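Colleague: Residue numbers (the numbering used here), protein chains in the order written: chain A, 141 to 512; chain B, 141 to 512; chain C, 141 to 512; chain D, 141 to 512.
Bear in mind the hints are in silico, worked out from the structure with no lab data behind them. Just so it is clear, the structure is predicted and the values come from calculations on it, not from any experiment. Heads up, a few of these hints could be off.
To be verified - Taking lysine-lysine and the DSS-like style, the derived pairs with C-alpha atoms no more than 30 Å apart in a straight line are: (1) Lys289(A) x Lys353(B); (2) Lys294(D) x Lys294(C); (3) Lys426(D) x Lys280(A); (4) Lys421(C) x Lys426(A); (5) Lys191(B) x Lys146(C); (6) Lys353(D) x Lys426(D); (7) Lys294(A) x Lys421(B).
There are 4 protein chains.
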Amino acid sequence: MPQQGKVKVGIIGSQFEADIHAASFQIMPEEAEVVAVASPTPGHPEALAQKYGIPRVFHDYRKLLDEDDIEMVTIAAPNYLHARLTVEVANAGKHVVCEKPLCMTLEEADEMIDVCRRQGVLLLYAEELFFTPKYVQAKKMADEGAFGKVYLVKQSEKHFGPHAPWFWDVERSGGGVFMDMGCHGIAFCYWFLDRPAVQSVQCQMGTYVHGQKTRGEDNSICILEFAGGAVGLVENSWARRGGMDDRIEVYGEGGVTYANLHMGNALPTYSQYGFGYAVEKAPETKGWTYPVFEELWNYGFPQEMRHFARCVRGKEQPLATGEDGRVVQEVLYAGYESARTGRKVELPFRPSGVKRPIDLWLAPERSESARI
Amino acid sequence: MPQQGKVKVGIIGSQFEADIHAASFQIMPEEAEVVAVASPTPGHPEALAQKYGIPRVFHDYRKLLDEDDIEMVTIAAPNYLHARLTVEVANAGKHVVCEKPLCMTLEEADEMIDVCRRQGVLLLYAEELFFTPKYVQAKKMADEGAFGKVYLVKQSEKHFGPHAPWFWDVERSGGGVFMDMGCHGIAFCYWFLDRPAVQSVQCQMGTYVHGQKTRGEDNSICILEFAGGAVGLVENSWARRGGMDDRIEVYGEGGVTYANLHMGNALPTYSQYGFGYAVEKAPETKGWTYPVFEELWNYGFPQEMRHFARCVRGKEQPLATGEDGRVVQEVLYAGYESARTGRKVELPFRPSGVKRPIDLWLAPERSESARI
Amino acid sequence: MPQQGKVKVGIIGSQFEADIHAASFQIMPEEAEVVAVASPTPGHPEALAQKYGIPRVFHDYRKLLDEDDIEMVTIAAPNYLHARLTVEVANAGKHVVCEKPLCMTLEEADEMIDVCRRQGVLLLYAEELFFTPKYVQAKKMADEGAFGKVYLVKQSEKHFGPHAPWFWDVERSGGGVFMDMGCHGIAFCYWFLDRPAVQSVQCQMGTYVHGQKTRGEDNSICILEFAGGAVGLVENSWARRGGMDDRIEVYGEGGVTYANLHMGNALPTYSQYGFGYAVEKAPETKGWTYPVFEELWNYGFPQEMRHFARCVRGKEQPLATGEDGRVVQEVLYAGYESARTGRKVELPFRPSGVKRPIDLWLAPERSESARI
Amino acid sequence: MPQQGKVKVGIIGSQFEADIHAASFQIMPEEAEVVAVASPTPGHPEALAQKYGIPRVFHDYRKLLDEDDIEMVTIAAPNYLHARLTVEVANAGKHVVCEKPLCMTLEEADEMIDVCRRQGVLLLYAEELFFTPKYVQAKKMADEGAFGKVYLVKQSEKHFGPHAPWFWDVERSGGGVFMDMGCHGIAFCYWFLDRPAVQSVQCQMGTYVHGQKTRGEDNSICILEFAGGAVGLVENSWARRGGMDDRIEVYGEGGVTYANLHMGNALPTYSQYGFGYAVEKAPETKGWTYPVFEELWNYGFPQEMRHFARCVRGKEQPLATGEDGRVVQEVLYAGYESARTGRKVELPFRPSGVKRPIDLWLAPERSESARI
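Isolated chain A (complex conformation) (with noise of 0.2 Å):
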């Protein structure tokens, strides 16, 4: 493979990931090139394709494995399709980025982790909050000693659920909305503190709103105790109105900070009339709206993308690995525990037989055995 030029990308899937993969690598073209997508839905693979100029197709994903000059591929399929596909680009040779929530059990966490160090190639994992640069800010800012000791983070990210149906079937995603946008929360609670040990998990959660669509959660609110003595406070919705929300409180005994991706970044517009976008998820944009503005590179993805394409070629070091995944994996786990249990969760916790995080909270009668 070629160690230097652009590294060479494939993308697997097609939709709302997909494209924000292929956004993002055309919003900073500098180290990465888009050059084959692969999707198995007639149509799909080609739109993505003709919409960033991608020049090959793909509707098996093993073919697009078997391009030889491809260097990295990005994984942007439903949650229980990310550790076999991880598995595959590896064994092909090829550097990984997985999508959050990073797979569905800590096995399946340990063969990727696993498999990628055999097989020599990188396995990233694509939580785009560690780049985005309102939060970076904050991080610096507390790096730099700004709040004194942090003793307390929260991350929230809320809207009124997601597009694809996927997500809603708990079969494929593994779990609601602490799977889905929990992931987020807890990863960033984890890197914002320096990655220290998480040792204990309450978690409360339920389906207030979308039951008649989902067995999965669509509202979770998760505490986390941290060694060294910080709480992570991470709370998530499915039933939140009003467009997509994604905010952070630091708290440190010498400060506070307070940062809003969206309306804390937004222009407050009135319109008769409506106009073409405001804001992910945001249902309108007639009456009051919060429009955001570049909005890719408000969330981080092309500077995540950038970093990927820079560890690839070794100028970097990657920030966000397998390993960071797993710790949010295991947390899945015990938030999804708890809030069946309504204990606190000491870690680590590694109960085994799990096939979806979420059955820690639905199927007590399973996940009790797999307790003794």
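Please build the complex by placing chains B, C and D on the supplied structure of chain A, with the hints as guidance.
Modeller: Just chains B, C and D, lined up with the frame of chain A:
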């Protein structure tokens, strides 16, 4: 006692809370007038009397209780005195306004309620959040159906710690920030949701910043589950720099609202030279600050005191009673218990032998046995 | 007339402004009570009387003036009636509260001031911005030196146009938005700076949106230069969508403050279903809105009416007088003149023969000659 | 010269603006690379070269112009040098990026445009507001019809004054804050409205705070009337405490939008200890501050420089040209004239004999004669 004209009020206490009471009656003078103040420290009640033109001053509150024309007495004394004073005021045949939290123990709460009932006097619980205009507006919108079914209510109150020394001494306060300000949030969620039974309490707390100064917790996070399926999230801190912070969030399947009493009501201001006063607990008026206006009004204190006076005259039914305070007290117990055990505590929860709520967190041995 | 007890008030008018007056006295009932309302349209005064419990209703305001016990009369009638009504009220020996703007012409202003002085009654000018708590706080900070020497004060009031038809008819209103709301901003800057002489006025205006409906201007920008070297910038619009907007900015060499009465005091709210009422002039309660709370209090109307009643009782000195209204009137003249000529108009400016201030903008021929 | 690969760039200057140029090319490195810097002060260009890895350093910019491979030169020198340098760069056959404002006089503007046209090089006008992502989003919404017909556009830029001494010296700057930052607002309104002719200019200005330091104005208010019936309001100050402030407002008959580049993008932060950097021109990082993130990106500098490089390669058509700068220059003339005379100045306005725009305000005798 007179049954018409302005209600004659006596205040027991002369410091921060007593000052708020006196100022509140002054701001809305239509229904009541403060005619007496009692406080043991020489000079203190005199100063308050001077400031607000209160004609009678006592160093022994029992003398105040001897005054026949006084119909309503407000108790602005440390928590551990609330129960004893309430009983004495009631036995003197006067209506009681008791500051939050209601008392130290559930036994005290029961006695306070019982005595007042037997004496035929009102036990009015001074939870000003029921009268805070911005929060009342949020509730009004919710009651009008703006948010559909509400599934999550949040309330948070944070600053860098109280001024009066007794707050830091758990013997006199009964607990730290969860006791001091958590009682507001618990009451708020309960009231906002129209008083459904609290079914369970999960709580996390710690002493993160002020360990040299107190055994009480200085940060707490509390999750309440209510009958009917809504959740309350109550966050409090004595370790938040930058002045007072009091805010709510309301989530329903049909909408959301945010209300921030301080930054969200303030005049963003930069001053090179400083000025008189910005906001409660703010350390500084130079640089950027968020000064508020008509602070007491925006908290709802004058409206609350006016309401209490009108209750005495039979013009309104009490909106905040000893029973409300008792519910809060039970949740405080459950919160401290949950913080120690890491378990979700189901209500009703009535351990015996509790002296101070915080002991359920601090002293495992005692409460372990108590739980049996 | 009685010299103690509550001031007895009569209201002339029964629509929007009259409702504000009645509600304001109800909110702060300590000093005054509304005992009568007069309005010629059958049913209108009855409705107001019903709503606020006003005992006496008249269709002829002269009957109201015959009531001996009424001490103060508020005029909530179209602008062109202000002068005539003021003179009659004063001649009836009653104190006058006149809505803004004071009148149509400087001759009228002089007569109003003169008659009230001769009759020994107060001419109280209902400029509520002098009592708006948030703006009062800004002035308090300025007076405490927070901003050092203030060199620029801005005030802006904007919405999508008034409801009552007479505002759009320049014969009855005397002008468009500059007359209707510019009078607030002019008064505000003058008051904030402690009433230095206005030295010059520059103004730009146009009818940008509502040309089908009115000859009046629907957007105006006005720059005032004051003795002592400060500048006022007053912006107004009847063409601003999205509900009421009222804000100030204060710039001094030592600091700056911003105050926003609406968005800056509101509860950011999203509602799928809508609710009762968000804020004055807002068209809709679905989607994102900025509902306010205690709207009249936050404007300062009850505080203003209470102050006026206390002035009648001699407890306070008038803070807003006919003289203030006259200054505003002269600036209105100068602003319209400047908008037509494109020239900075120096004060004093007293053209003769003006019937309506807007004629100085609309009718060059008339005012050209008048200027000679 | 090469017609492919990255555009090779030279920078004339080594201070604040030169640093922004170098950093901008580094942030978006795809299209261009800085290969040389020239500045006469020993040590200065070396420091910039060191910081950004620029290989060639010159103390005489003519040496830089001798470098054959350099295709584009950015001019980051005081205003009075813009014209001379532009002519020399163009005569060396290199494309010109000239900082704002374009120059001192209309004669210079004409010469710059003429020479560049004759030499076949681009004259690119570095107005970054045309590339500011948040403002671009506002324009995009306007172009999509969100606001219907736009009748008022406001832009304001304020801080407490520039660092470099030459700004305060009107001989070298040509004027105060109206020249320095008013040029942004004038260009912004013109661009936002799709470049309608400016028909008239009204302006008010003064030296309110920094009279000891400069003859230049430190606060200005400017009203522009455009062909087609829209108005621009441009406000600028070197006397605004509290850090940089840059904002716009857009009013149409169908809606309104607000965009604030600083507070409206920032992380509201309280720090007891301070931290590295909050925002341009902010004096302090202790207490409450509004730190921003990715500051240059949020201003649009990298996007602007990337666009200029793409123009050189013929991939895009210039969006900001010498002609734009010339329009601004004429309005600057008219604004200073209006500020002196108090009259609305109609365009075209081309007084002869002007050396520095500010003279039209400062030196009545000269410009009086010039107007004849």
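Colleague: Work down the list of hints and note, for each, if the structure agrees.
Modeller: Verification of the supplied hints:
no., hint, in the structure
1, Lys289(A) x Lys353(B), "17 Å, holds"
2, Lys294(D) x Lys294(C), "14 Å, holds"
3, Lys426(D) x Lys280(A), "15 Å, holds"
4, Lys421(C) x Lys426(A), "17 Å, holds"
5, Lys191(B) x Lys146(C), "25 Å, holds"
6, Lys353(D) x Lys426(D), "28 Å, holds"
7, Lys294(A) x Lys421(B), "23 Å, holds"
Hint check: no violations occur; every hint is consistent with the structure.
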